[in-house]
Amino acid sequence: MFKGLIGKKIGMTQIFDENGSAVPITLIEAGPCYVTQVRSVEQDGYSAVQLGFGETKPKRLTGGQLGHLKITDAPPLRIIREFRSKKHELKAGDTLTVEAFELGDHVDVIGISKGKGFAGGMKRHNFSGGPKTHGQSDRQRSVGSIGATSTPGKVWKGKKMPGRMGNDRVTAQNLKIVLVDTERNLLGIKGSVPGAKGGVVQIKEVRKQ
Amino acid sequence: MDELLRAVEAQRNENVKDVEPGDVVSVHVRIKEGSRERVQEFKGTVIASGNAGNNANFTVRRVAANGIGVERKFLYNSPRIEKIVVERSSHVRRAKLYYLRDRTGKSARLKQRIKK
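So the protein lines, in turn, are chains F and L. In this text, residue positions in the first sequence follow my numbering: the first is 1, and each later residue adds one. In this text, residue positions in the second sequence follow my numbering: the first is 1, and each later residue adds one.
A portion of the hints provided could be inaccurate.
Straight-line C-alpha distance at most 27 Å; calculated BS3-like pairs for lysine-lysine [said to hold, decoys possible]:
hint	chain 1	residue 1	chain 2	residue 2
1	F	Lys-190	L	Lys-73
2	L	Lys-96	F	Lys-176
3	F	Lys-176	F	Lys-114
4	L	Lys-32	F	Lys-190
5	L	Lys-111	L	Lys-96
Everything labelled a hint here was simulated from the structure, so no lab data went into it.
Same shape as in the complex, but just chain F (with noise of 0.2 Å):
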């Protein structure tokens, strides 16, 4: 079976699960996705699955975008995502709801992480920064030494260096699914996902368990 939706993040908030106790949820309201193609080896070499979601005036669309939705008769849609699946019986035109994922599944969420802008070494890659006393001036939050001297001669590439942090693709794995409402069509997602409120994330079937 496939499993796989594209949402939008809601919010956190807590529900309390069957013994009463308080669980930090997500929710996401995740589709109605359509599925607009079905990747086949045969015909494009890989096999998945491209969905649909989002409703949205058809003015908002470009023409190109229009009639790739016609195909499957689906309704203009602003976000299109594909889903790398290799068993699945998915047709070109069958709608998926959360009714796919059932309560404890685990899923991955995949999200375009907040922004941080331009961002310090302690920050961006957890670096102790400078000590704060023994007559030390500026160097609380510095990167401190980037090398060694004349050997190399240089600075190595891919070293960590203050600069833009977040708004990167981010997969949250193995999240345990606490709430599903088929009539508002919404997942609780037990813990935080990637992403401010309103972002688009995808959910998807576990990969590592």
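Starting from the known structure of chain F, arrange chain L on it as the hints suggest.
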């Protein structure tokens, strides 16, 4: 988007009345031990109560054997609370009674307030 959050959140537990700082309360909590369920009582003074939407809570402090202070935080929405009995209210001049943590014996007493 907030409405969706509100929709899945637990409603206020009707058995839980509002408590005020200084109240001496007895909180009856359902506890699951394996398959058995029983009710445990936690009696003490309310030293703090906070509004935090779905996370609104209050803190009860009791002094256990050997003068060891035990504090427990309860959620107003928690389905585990069976009932709350307010046994006595006190005249207090602040919202958070954290100063009680540093006091023992006579100085840790609160003046009773008779509610009208």
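Structure-based check of all given hints:
For the suggested pair Lys-190/F and Lys-73/L, the alpha carbons sit about 22 Å apart, so the restraint of at most 27 Å is met. Distance hint between Lys-96/L and Lys-176/F is unfulfilled; the C-alpha atoms sit about 37 Å from each other, more than 27 Å. As the CA atoms of Lys-176/F and Lys-114/F are separated by approximately 22 Å, the hinted pair is consistent with the 27 Å bound. Taken as a hint, the Lys-32/L and Lys-190/F pair is honoured in the structure, with Cα atoms around 22 Å apart against an allowance of 27 Å.
Proposed proximity of Lys-111/L and Lys-96/L is supported: the alpha carbons are some 16 Å apart, at most 27 Å.
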